[in-house]
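Protein chains in written order, with my numbering: chain U, 966 to 1315; chain H, 776 to 844.
Please note: incorrect hints may appear among the correct ones.
Claimed, not checked - Distance condition first, Cα-Cα at most 30 Å in a straight line; then the derived DSSO-like pairs of lysine-lysine: (1) H:Lys827 with U:Lys971; (2) U:Lys1040 with H:Lys827; (3) U:Lys1110 with U:Lys971; (4) H:Lys827 with U:Lys1056; (5) U:Lys983 with U:Lys1005; (6) U:Lys972 with U:Lys983; (7) U:Lys1056 with U:Lys1277; (8) U:Lys1159 with U:Lys1114; (9) U:Lys1275 with U:Lys1056; (10) U:Lys1110 with U:Lys1214; (11) U:Lys1056 with U:Lys1286; (12) U:Lys1005 with U:Lys1039; (13) U:Lys1261 with H:Lys827; (14) U:Lys971 with U:Lys1039; (15) U:Lys1277 with H:Lys827; (16) U:Lys1277 with U:Lys983; (17) H:Lys827 with U:Lys1112; (18) U:Lys971 with U:Lys1286; (19) U:Lys1065 with U:Lys1040; (20) U:Lys1005 with U:Lys1286; (21) H:Lys827 with U:Lys983; (22) U:Lys1261 with U:Lys1065; (23) H:Lys827 with U:Lys1114; (24) U:Lys1275 with H:Lys827; (25) U:Lys1277 with U:Lys1191; (26) U:Lys1005 with U:Lys1261; (27) U:Lys1191 with U:Lys1005.
It is worth saying that the hints were derived from the structure and are not from the lab.
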Amino acid sequence: MNENMKKARDIITSYQGKPLRIMEVCGTHTHEIFRLGLRKLLPEQVDLISGPGCPVCVTAIGFIDEACWLALEKKCIICTFGDLIRVPGTKMSLAGARAKGAEVKPVYSPLDSLAIAEENPDRQVVFLAVGFETTTPSACITVKKAKQKGLTNFSILTANKTMPNAYQALVGSADAFLYPGHVNAITGNAVCQKLCNEQGVSGVVAGFTAGELLTALATTIRLLEKGEPFFRNCYPRVVKDEGNLSAQKLMQEVMQPCDSEWRGLGVIHDSGMKLRSEFADFDARIKHDMPNIVGKPNPACRCGEVLQGKCKPSDCKVFGKGCTPLHPIGACMVSDEGACSAYYQYTEHE
Amino acid sequence: MCVGLSARVVRVEDGTALIDASGAQREVSAGVLEDLEPGDFVMVHAGVAIAKITDSDENETDDLMENLS
Ligand code: SF4
């Protein structure tokens, strides 16, 4: 281990100050920190809490119900990131819809769903567009391509979300945020810097390798010790201050802000993205005349509190008993980035 | 779905880049990264190259730790 990594490790393990709560906003950070064994380095006073940065986990139940409706009532071919398939809706998941005859195809990229639409000209194809600023550009590129190609059998069901207003909703829930590196790669750092300057919210942008996570945690602990609000970019090899300007421009061209429901956080003003009217032909809700569908969460599931760092997955009564990765009750147990699945995989439980 | 894939650019043509991630090659959109050239390293998300990678993580963490007092 090189000297600097040793220094980072020492800062973390030797911390003896007041209790600290650091929020991993991004679900991938939660998983990587567990997987790399970094949690074991933390002294008792440092608590890592999970945040709402797993797009599958924060997707509202009603969205799954809408997708099932398109699949079963409208007989659309549903293309989706694989994680969404087993997320429970009010009555069923997309896997359940599939068992009833629906066609649900996992894709790696929304662009792959265009090929599926071209191969199936007599069927309607819908891509489920979830994700934060990191993933939204791919949905925008896809819609623009569909328009260029003149496809009439393709649309997207949007639940795209943006982080700035979610950070606002979370102010005060932790001493510092580990900001999601790949979101900042697109948006840049202005929002985080402003939160620090104007509201005293501390945080660092973190990368994903062992060295980057150690550095981000050491920086956070050292700067919290000093007591002044701070913002640091600990992932400069990927995240530039201005972000990706072309991606920002593309998102503005194709989509516009809208209110959006977050599992656990409720509806947050202007925290979602929907297609602009110029692209209405590719909006699945408009194209398929969708009724207003409202989902009902399972009352046993505490995903909402888990996503705000208010409780740990292990505080949920059904964690590891009624709710396991094979039989998930809530979204946080399904997704590879979900906090409940991370705790299930990496901690001891009955 | 948010896990990024870092990869080397092999070829760029008409807004599409052929990338190589530890031997596995695939085509991704280069639509939001201008001036991509063969040999560049990029971060890929959902089939789109979203950022250029400008350094190794070791150099990066060395710089950061050396500046942390
Ligand atoms: S353990 Fe299952 S039911 Fe409990 S909060 Fe997590 S996902 Fe929801």
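Hints, one by one, checked against the model:
no., hint, verdict
1, H:Lys827 with U:Lys971, "holds (28 Å)"
2, U:Lys1040 with H:Lys827, "violated (40 Å)"
3, U:Lys1110 with U:Lys971, "violated (49 Å)"
4, H:Lys827 with U:Lys1056, "violated (43 Å)"
5, U:Lys983 with U:Lys1005, "holds (19 Å)"
6, U:Lys972 with U:Lys983, "holds (21 Å)"
7, U:Lys1056 with U:Lys1277, "holds (26 Å)"
8, U:Lys1159 with U:Lys1114, "violated (41 Å)"
9, U:Lys1275 with U:Lys1056, "holds (27 Å)"
10, U:Lys1110 with U:Lys1214, "holds (16 Å)"
11, U:Lys1056 with U:Lys1286, "holds (21 Å)"
12, U:Lys1005 with U:Lys1039, "violated (50 Å)"
13, U:Lys1261 with H:Lys827, "violated (42 Å)"
14, U:Lys971 with U:Lys1039, "violated (58 Å)"
15, U:Lys1277 with H:Lys827, "violated (36 Å)"
16, U:Lys1277 with U:Lys983, "holds (21 Å)"
17, H:Lys827 with U:Lys1112, "holds (28 Å)"
18, U:Lys971 with U:Lys1286, "violated (40 Å)"
19, U:Lys1065 with U:Lys1040, "holds (11 Å)"
20, U:Lys1005 with U:Lys1286, "holds (25 Å)"
21, H:Lys827 with U:Lys983, "violated (39 Å)"
22, U:Lys1261 with U:Lys1065, "holds (21 Å)"
23, H:Lys827 with U:Lys1114, "holds (29 Å)"
24, U:Lys1275 with H:Lys827, "violated (36 Å)"
25, U:Lys1277 with U:Lys1191, "holds (28 Å)"
26, U:Lys1005 with U:Lys1261, "violated (38 Å)"
27, U:Lys1191 with U:Lys1005, "holds (24 Å)"
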